[in-house]
Amino acid sequence: MAKRSEADALMKRIAEEFEALPRQLQGVARYLEEHRSSIMVQRVGEIAEGAGVHASAVVRFAQRFGYSGFSEMQAVFRDAFTAQASPSRSYQQRIRTVIENREGGMQAGEIASRFIDASRMGLDELAAELDESRFQKAVDTLAAAENIYVMGVRRSFAIATYIAYALQHTQKRVHLVSGLGGMFREQLRSIGKSDALIAISFPPFGKETLYAMRVAQQHHAKVLAITESDLGPLSRHSDVLLKVKEGSAFAFRGLTSTMCLCQALFVALAYKLELTVEETTLPRGEYDD
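Under our numbering, the sequence shown is numbered contiguously, ending at residue 856.
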C-alpha cells in the first residue's frame, strides 16, 4: 500500500506541476498518465517513441521529479502495480492485432463483438479506478447548487444531453448549454456563485467547453469536469474532476463508461436529495418519460 501511495503521490505532483513543464516533458507526462498500468514493463525507447520525444527527455523527466533516472521512477510503478496489473490493455492490443492481421473482411457480428468487448473492458477499468472521495465531492457539489449548467460538444454532446435530461428529475434548475445559434456566451451569462457547471470533454478538447469553464470560474461557480486525465486544461479549470477512460476498437472510442459514470452520478445525487418516485413523475395522461 505504501508503494501505491508513492505512485499516487507522484502522479498528483505531476498533475500539479504539469503546466510548468517544458513541452517535451509534458508529452512524457501525458504518456505516463495514459499508460500507467503498463509503464513498469516498457523500455525508455518505447516510452520516448510513444511520447514523441527523445529518450533523454524521459530521463530528464524522472530527474525533474527527484529520481536518479528512469529506472528508479519505473520501480515505483512496478512495485505498486505488478500484483494488480490490468489485463485489459494487453487484451485490447491483442484485439487490435487480430483485426489488423486478419485476411479478408469481417462479419458484422464479429465487429459488434469487438465493440462490446472494448466497452466491457472500459467498464472494468472504471470500476477498478473510481475515486470514491472525488465522486462524493461531485455529488455534494451538485446537491449544493441552485442551478446546474451542463456542457459538452461533439462526441460529448450525447452525454451532456443525457445528464441534463436525468437531472431534470430533481428539483434543480438545469440548463443544457447547447450553443444553439452560436449563443454559448448568452446561455452562460446568468451563471453565478451558487451554481455549478458540469463540463464533459476529451482530447482533442472542445474549445467551447473550455470557454464555459473559464466563464464559470470568473463568476465563482463550481466546476465539475468529466474527462480522461488529471493532466491538461480541464484539471486547471475545475473544482472536482472525475476520470473515465473509454475502451476503444477500430480507432473509435466508446461512450459506455462515460454514460455509466453519469448515470451513477445522477442516482447518487437523487439518493442524497432523498427523491421519491412521486416527485419525479408526472400525473397520468401527461407526457411520459
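Hints are computed from structural coordinates only; laboratory data are not their basis.
In this text, all values refer to a predicted model and were calculated from it rather than measured experimentally.
There could be a bad hint or two in this list.
[As the list claims (entries may be wrong)] With a straight-line cut-off of 30 Å between C-alpha atoms, the simulated DSSO-like cross-links for lysine-lysine are: (1) K774 <-> K810; (2) K739 <-> K839; (3) K579 <-> K839; (4) K839 <-> K810; (5) K579 <-> K774; (6) K704 <-> K760; (7) K739 <-> K579; (8) K760 <-> K739; (9) K760 <-> K579; (10) K810 <-> K739; (11) K704 <-> K810.
Hints versus structure:
1. K774 <-> K810: holds, 19 Å
2. K739 <-> K839: OK: K739 and K839 at ~13 Å, within 30 Å.
3. K579 <-> K839: Holds - the C-alpha atoms of K839 and K579 are around 29 Å apart, at most 30 Å.
4. K839 <-> K810: Satisfied, since the Cα-Cα distance of roughly 22 Å is no more than 30 Å.
5. K579 <-> K774: Holds, at roughly 25 Å.
6. K704 <-> K760: holds, 17 Å
7. K739 <-> K579: violated, 33 Å
8. K760 <-> K739: Since the Cα atoms of K760 and K739 sit roughly 15 Å apart, the hinted pair holds (cutoff 30 Å).
9. K760 <-> K579: holds, 27 Å
10. K810 <-> K739: holds, 24 Å
11. K704 <-> K810: Judged against 30 Å, a Cα distance of about 13 Å means the pair holds.
Violated hint: 7 only; the structure is consistent with all others.
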